[in-house]
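There are 4 protein chains.
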Amino acid sequence: MPLSPEHRAEIEAARATPRQTLRAVSEGMEAHLYRAHEVLDHGFVRVIDYMGDDAAIVQAARVSYGAGTKHVSNDEGLIRYLMRHWHSTPFEMCEVKLHVKLPVFVARQWIRHRTANVNEYSARYSILDREFYIPEPAQLAAQSKVNNQGRGAVLEGAEAARVLAMLKSDAAQMYDHYEEMLSQEDQQGLARELARMNLPMNIYTQWYWKTDLHNLFHFLRLRADAHAQYEIRVYAEAIARVVADWVPLAHAAFEDYRMGGTALSAKGVAVLKRRLAGEAVGYEQSGMSKGEWREFEAVWGA
Amino acid sequence: MPLSPEHRAEIEAARATPRQTLRAVSEGMEAHLYRAHEVLDHGFVRVIDYMGDDAAIVQAARVSYGAGTKHVSNDEGLIRYLMRHWHSTPFEMCEVKLHVKLPVFVARQWIRHRTANVNEYSARYSILDREFYIPEPAQLAAQSKVNNQGRGAVLEGAEAARVLAMLKSDAAQMYDHYEEMLSQEDQQGLARELARMNLPMNIYTQWYWKTDLHNLFHFLRLRADAHAQYEIRVYAEAIARVVADWVPLAHAAFEDYRMGGTALSAKGVAVLKRRLAGEAVGYEQSGMSKGEWREFEAVWGA
Amino acid sequence: MPLSPEHRAEIEAARATPRQTLRAVSEGMEAHLYRAHEVLDHGFVRVIDYMGDDAAIVQAARVSYGAGTKHVSNDEGLIRYLMRHWHSTPFEMCEVKLHVKLPVFVARQWIRHRTANVNEYSARYSILDREFYIPEPAQLAAQSKVNNQGRGAVLEGAEAARVLAMLKSDAAQMYDHYEEMLSQEDQQGLARELARMNLPMNIYTQWYWKTDLHNLFHFLRLRADAHAQYEIRVYAEAIARVVADWVPLAHAAFEDYRMGGTALSAKGVAVLKRRLAGEAVGYEQSGMSKGEWREFEAVWGA
Amino acid sequence: MPLSPEHRAEIEAARATPRQTLRAVSEGMEAHLYRAHEVLDHGFVRVIDYMGDDAAIVQAARVSYGAGTKHVSNDEGLIRYLMRHWHSTPFEMCEVKLHVKLPVFVARQWIRHRTANVNEYSARYSILDREFYIPEPAQLAAQSKVNNQGRGAVLEGAEAARVLAMLKSDAAQMYDHYEEMLSQEDQQGLARELARMNLPMNIYTQWYWKTDLHNLFHFLRLRADAHAQYEIRVYAEAIARVVADWVPLAHAAFEDYRMGGTALSAKGVAVLKRRLAGEAVGYEQSGMSKGEWREFEAVWGA
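Protein chains in written order, with this note's numbering: chain A, -3 to 298; chain B, -3 to 298; chain C, -3 to 298; chain D, -3 to 298.
If you are wondering where the hints come from, they were derived from the structure by calculation, not from laboratory data. Do not rely on the hints blindly, as some may be mistaken.
If chains are identical, the list can't say which one is meant, so a pair holds when it fits in one copy or spans any two.
As the list claims (entries may be wrong) - List time: in silico DSS-like cross-link candidates among lysine-lysine, alpha-carbon distance up to 30 Å:
| hint | residue 1 | residue 2 |
| --- | --- | --- |
| 1 | K286 | K141 |
| 2 | K286 | K263 |
| 3 | K164 | K141 |
| 4 | K164 | K269 |
| 5 | K263 | K141 |
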């Protein structure tokens, strides 16, 4: 339960005083503002601010295409057209600012998405809290035998217990030592910028993260994907639910064209065309490598 | 007079229906929303949307620095500290979206600022309007004798008259030909994406341009500078006035540290220190090149 | 014929003096260095410098994946895997710097690709040459009846002749006036930064353009596409031929997965699966809009 | 001693086989290629590739300014002019690719510089080595009393001994546990992407990092600065020494205008002018805040 009563009171206070604006307003997003969506054991995602809505995407596209776009009968059709044809700039006209609390090892994956603005809590300047990510038993998975960067079966029995105990006691001990290095009676106290290096990467950090909708969709495509690590995927999924309320038309197009769709290589197109013409085409006839075939087969059958 | 009565009515309608929001609101910016600030003979700058205010900059900085920043007594002091120390990320937490109408040759300078989102009117898709930038007589300047990219004295008499007449008649003729190429009785009509190439670069285009406050300040520093070309500088100045109402504390810090300040090289520091110690230090003793000395002298005297 | 004998001699001189380096060398790219690939009537693309080769992509990927990647049997397989899974960072480890001469209206499309470094010839500082793009008769196309941003049939007879004559005489006249405004006996001469605004957008400019291979592939995907405007597509095609010699494995993967492949929406996948199962599925059963169906049908049949 | 004999042999082999190229070559940089510059106890910086040299900066600038730049007598003068006037694009025409081994907490500061390409060793995919940063006794500093993000006096005696012992034993224990979680007899073995979260942030990682010279100078200005954390500053200093050999003219201009220079606010300019005119101006007369005055005084005296 990551939120203290004080924190909840603070959020409710922020939500209690609406103000007037002439800007585009997304009612779906207003309902999310400031509220913490809990993720993992101590993390959260909160919407701090946003700019634009579905209509803002359409408006920007019509600036580009001028009167010519008027024949597209409605906003939904235009948004789907833009998504289908990779016209990314109208989606860049929406922006969102999130407050995220997340384990450091998740933050290190996340920051690889460079087209975003970030203000992270500074452990040079301030002292980190005693909060560590400890996986649920259901997430304590073995190394995958087939995928070098994936998980296999869930650990059980003594092995699971031993791993959990280690994670817990190590985190506690490292934080104790962090505190002892920082200050103790009759000591000078190690500089915070040094003491932090003793902390493990499941400690929580937090940041403000701001990005535009196009880059957010790119983030979601990679991180809400089934191959993403579970611990970042749950953040992506929480954000995706928010986006569905913020820009429902754009989100539906994203689901259809990106998350639910698939890409075919020239070889893949050729195989499907031959199959549609009635030919039995398998791995040997495909011209694909084993890896490619495995992925093709997963969607289209052997 | 760039705005038609219809356009004015459209703006007033957009301003007539405030809505409620829980987001940060800048009253100074609300007063600007949608209104067109006229620039040059047919251009304008309009604020379409914004995110954040002075408090949002402070809020982001306090996420980074944690409890440690509480000793900075007030928001103004913190914002000035951030500006002075080139801590740019809190300023990136504010965002603005502008609708700008501008001549093509100005747009070509402007677009060199790459950290921004742009949706420009497409002349492949739609037909450009018959609107060209024709300078005021006071802006019809000769080539500078001393600066390869600057202006000298204002043209006068017959030369001024002849140049103005040329600009006007050429623009009219080119637009006539543009129209004739696009369509005429018994003709197929040249593709718009081809016909546009006959238009001169003082024709007006328009775009939505979205950027964050840090990058906007960088744009203003270069383009509101006395050395910038007049025709882009007037846009920068119009934007700067809007920014002053949007984030007054950040804008004041920007004025003090960037626009009103100056940078000194190691050599410049050395010269000033010697002068402060009572020594007469001129060009010969400075170790600077002629160009450097000219710029140093302009601020600090010979 | 864009290159003067002097220019050719300069290029040959630059090519005459190889030096020693310890860096990665692409023999295919060395053959292109400095040579001008002629594009349109006065344009060109020249490789000025490059960093990396196919092996550099593999090397960067192996840094990321460590010993684990050793089981991928060869470089080609790894490069294809990276391309298939949108692992873009290894491709970013290659960089190319081009010198391009191009009409201004093409440059305005090109610059929309923001993740690149650009140094353009300055018409504030210097005087532009008298060189304009005049289309070949085969490129003088009518506006498309079905596509708002495309071309239809080639113009013929009197219309073609009249359009060509206009383009030629207008360019000549505008350049004459440009020169007359810049300087004439007994005149001060208009500032270059002002006089340039009278020039039409088919005048040639030039720039150094530097980007990484990932972003270059993105540029090629959009600009070497059949829907891109012909006048930028020929530049993209010239660059694509250079890339094929520079990084042949990466280029082949790009051709297979991006240029020759296709994307399917969730709806498109569903239609194909039903067809593969023997069902006749047409527009009415597809759940697609007319536009989507038209594009789907173009690849997969009605 | 970070480099094994095998690693040294590999580097010497890579350096043993020069090849011919027509590209710009920097002799100063060739001498650095592949060699590891040792940093901290197990880290290093190695140049893997580079593009351009001082002449390439000049060449790009001359494309922009055309014939007009010929009056600048020499390359050094032009490079200093570009640096002085913040003309950043010619510096972007040079690129460098580094292989860096560094502690995770340093990597987390470094990655905040977003305009760069990065391929980091993946701890999802592969197993990290048992290498941790343990500070030299001289770097084991107390928290600064005056600067929230800085260091004070060096720890001594029992406190220093205790801190060092903790850092060492914690690192050893955490790595032991990491190995035990990954695999042990009769165990399935925890997924690598999970086990890594138990490792402290002084463990070493490595990456390929590629950026252009303009952004590299920006990185050096912030990270080679006296206020940067020591552990990242030593990397910046190692890189700065390499840059001095790569592009000596650009590096000298950077030293003079950025590292050795200073910025003055409008208030600072006013104070200095009054002092130069003979007036005694102190804090009370300056109009500055206490913090600003402290920084001003450090350069210019009370």
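A quick look at each hint next to the structure:
Within a single copy, K286 and K141 get their C-alpha atoms as close as 17 Å, which meets the 30 Å cut-off; across copies the closest is 46 Å, which misses it. In the homo-oligomer, the alpha carbons of K286 and K263 lie at most 30 Å apart both inside one protomer (13 Å) and across protomers (27 Å), since each shortest distance falls under that limit. Taking CA atoms no more than 30 Å apart as the test, K164 paired with K141 passes inside one copy only; the shortest distance there is 26 Å, against 34 Å between copies. Taking the shortest Cα distances, K164 and K269 never come within 30 Å of each other, neither inside one copy (55 Å) nor across copies (48 Å).
For a Cα distance limit of 30 Å, the shortest separation of K263 from K141 inside one copy, 28 Å, qualifies, whereas the shortest one across copies, 33 Å, does not.
The structure fails to meet hint 4 from the earlier list, while all remaining hints are met.
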